[in-house]
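If you're matching them up, the sequences are chains A and B in order. Anchor point for the first sequence: position 86 equals 85 in numbering that gives the first Met the number 0, and the numbering is continuous, going up by one each time. Anchor point for the second sequence: position 238 equals 237 in numbering that gives the first Met the number 0, and the numbering is continuous, going up by one each time.
Watch out, some of these pointers could steer you wrong.
Said to hold, decoys possible - Some, not all, of what chain B presents toward chain A, calculated at C-beta under 8 Å:
# : residue
1 : Glu47
2 : Gly49
3 : Asn177
4 : Lys258
5 : Gly262
Unchecked claim - To be clear about the criterion: a stretch of chain B counts as covered by chain A if any three or more of its residues have a C-beta under 8 Å from a C-beta of chain A, and this derived list gives those stretches:
# : region
6 : 25–35
7 : 60–74
8 : 225–235
Claimed, not checked - Label-pair distances were calculated between CB atoms; the ranges are:
#  : chain 1 : residue 1 : chain 2 : residue 2 : range
9  : A       : Ser28     : B       : Arg61     : 51 to 59 Å
10 : A       : Val13     : B       : Glu148    : 41 to 49 Å
11 : B       : Val174    : A       : Glu21     : 54 to 62 Å
12 : A       : Arg74     : B       : Lys22     : 32 to 40 Å
If you're looking for bench data, these hints aren't it; they were derived computationally from the structure. Because the structure is a prediction, the values reported are computed rather than measured. Built from N, CA and C at the ideal position, the CB exists for glycine as well.
Each chain is listed here by its residues.
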Amino acid sequence: MTEGEVLWLDEHRVVSLAELVEVSGLTESELLELVNAGAIPVRESRDAVYTFSARVVTVARTARRLRNDFELDTRGLGVALRLLERVSDLESEIARLRAELPRTGG
Amino acid sequence: MKYTDYYAALGVERGASPDEIKKAYRRLAQKYHPDVSKEPGAEARFKEVGEAYQTLKDPEKRAAYDALGQRPQGEEFRPPPDWAQQHGATPGAEDFSFDGVDFGDLFERFGARGGRGARSGSFGGGSFNDGNGKLPGQDFEVPVSISIEDAFRGTTLELNLSMPEYDAGGQLRRVPHNVKARVAPGAVDGQRLRLPGKGGKGFKGGRDGDLYLDISLKPHSLYRATDHDLYLDLPIAPWEAALGATIEVPTPGGAVKLKVPAGTSSGQKLRLSGRGLPKPRGGAGDLLAVAQVVVPGQPDDNERRLYEQLRDGSQFDPRRRFGGEGA
Numbered sequence: 000m001t002e003g004e005v006l007w008l009d010e011h012r013v014v015s016l017a018e019l020v021e022v023s024g025l026t027e028s029e030l031l032e033l034v035n036a037g038a039i040p041v042r043e044s045r046d047a048v049y050t051f052s053a054r055v056v057t058v059a060r061t062a063r064r065l066r067n068d069f070e071l072d073t074r075g076l077g078v079a080l081r082l083l084e085r086v087s088d089l090e091s092e093i094a095r096l097r098a099e100l101p102r103t104g105g
Numbered sequence: 000m001k002y003t004d005y006y007a008a009l010g011v012e013r014g015a016s017p018d019e020i021k022k023a024y025r026r027l028a029q030k031y032h033p034d035v036s037k038e039p040g041a042e043a044r045f046k047e048v049g050e051a052y053q054t055l056k057d058p059e060k061r062a063a064y065d066a067l068g069q070r071p072q073g074e075e076f077r078p079p080p081d082w083a084q085q086h087g088a089t090p091g092a093e094d095f096s097f098d099g100v101d102f103g104d105l106f107e108r109f110g111a112r113g114g115r116g117a118r119s120g121s122f123g124g125g126s127f128n129d130g131n132g133k134l135p136g137q138d139f140e141v142p143v144s145i146s147i148e149d150a151f152r153g154t155t156l157e158l159n160l161s162m163p164e165y166d167a168g169g170q171l172r173r174v175p176h177n178v179k180a181r182v183a184p185g186a187v188d189g190q191r192l193r194l195p196g197k198g199g200k201g202f203k204g205g206r207d208g209d210l211y212l213d214i215s216l217k218p219h220s221l222y223r224a225t226d227h228d229l230y231l232d233l234p235i236a237p238w239e240a241a242l243g244a245t246i247e248v249p250t251p252g253g254a255v256k257l258k259v260p261a262g263t264s265s266g267q268k269l270r271l272s273g274r275g276l277p278k279p280r281g282g283a284g285d286l287l288a289v290a291q292v293v294v295p296g297q298p299d300d301n302e303r304r305l306y307e308q309l310r311d312g313s314q315f316d317p318r319r320r321f322g323g324e325g326a
């Protein structure tokens, strides 16, 4: 059994565009199109060098799966990612409201 | 190996045209794609559908598949002796052994020779061939459920996985893959972790794939987690609610005293700051105790008398805002 280095894909960890290309399987131009469409948020942009929160690794990998499995172009991907993000936000809100509800019914 | 009926997986006839196959795949992909569908078993169903489509959409692979003949789903079989050689499924096909080869992996090697690898649909990453025969290992995504106690204290996961790995001949074979991963305190529902190089092995010097863990928290008998905050139902007696009390409350870090203010009603949230789940970079969420005023189901004679006294002596009207409407 081997022990692996564990990287948290959260807002504290920063990834470069090159790293995002490597782990997502998307091309740099596809990623930049998704950035320009607002589907992948940039953490910092300085002299046209982008950095991202490691959270977006999951979004970019989802984009690659949708591209491959549905043969979507980047415009379609942008729409799909935004809708998935809205669904995810709503699910989080439902989960939070459910957590607040008592189990015993008072 | 066990035979898989790819035509049945897509719900098409064996003589289906490429267009019919594509349409069937698209219809099923929209229904079962794990990024889109919440149906139970969607991921496993999509894996079947994706595997079937990746094979049947490619004329070379479809011909090789058809050459295996039509068999009942799940039937144990071995491909004919000259099958691998005839269809060029793998380099060195003349010496090829099918031992330990998964049916779904049998056709994987076909697509690995040029550009992006064939297996989409699985949550493995794309494969690239750099022209020197190098192939990167597949990425894998694995859901992992941990308890709230494990999220609080941190835990070490021992994952016993089975992953396809290229053998010396370039054919994928399932091999056991055991990985240990230390998860520091602070994981929440939906947290994703990446273990670089712990996915499938690369071939001929190609980089090893990554392993992604998708963490979820198991339901708990006391706590309900939302992000780093925890909710806890706090049953209190009517007199504790009315007069106030100091109550011992469980938290993942141990019991603490909580002051219930006088005049607390059901549903009121009492916050214990920093008593929720720890955050990975310091600090912690809160524990919110949701007050539930609980009355004795069967009051004894003394309790009944005291309640009657309270009823007769109190001016309290819990339904004042109704204003007598609809009575």
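Quick rundown of the hints versus the structure:
Violation of the interface hint for Glu47 of chain B is found here, the shortest Cβ-Cβ separation to chain A being roughly 13 Å, above the 8 Å cut-off. At a threshold of 8 Å, the smallest CB-CB gap from Gly49 of chain B to chain A is about 7 Å, leaving the interface hint in force. Of the supplied interface hints, the one on Asn177 of chain B holds, with its beta-carbon coming within about 4 Å of a beta-carbon of chain A, less than 8 Å. Look at Lys258 of chain B: its Cβ only gets to about 20 Å from chain A, farther than 8 Å, so that hint breaks.
Against a cut-off of 8 Å between C-beta atoms, the interface hint on Gly262 of chain B is violated, since the closest Cβ of chain A lies about 17 Å away. As drawn, the region 25–35 of chain B meets chain A at 6 residues by the rule of a beta-carbon pair under 8 Å; at three or more, the given contact holds. Residue count for the region 60–74 of chain B with a Cβ under 8 Å from a Cβ of chain A: 0. That is fewer than the three needed, and the coverage hint is violated. Residues of the region 225–235 of chain B with a Cβ under 8 Å from some Cβ of chain A number 6, which satisfies the need for three, so the listed coverage holds.
Look at Ser28 of chain A against Arg61 of chain B: about 32 Å separates their beta carbons, and that is not inside 51 to 59 Å. Between Val13 of chain A and Glu148 of chain B the Cβ separation comes to about 31 Å, which falls outside the hinted range of 41 to 49 Å. For Val174 of chain B paired with Glu21 of chain A, a C-beta distance near 25 Å fails the hint of 54 to 62 Å. Checked against the hint of 32 to 40 Å, the C-beta distance between Arg74 of chain A and Lys22 of chain B comes to roughly 22 Å, which is inconsistent with it.
Consistency with the previously given hints fails for numbers 1, 4, 5, 7, 9, 10, 11, 12, ordered from lowest to highest.
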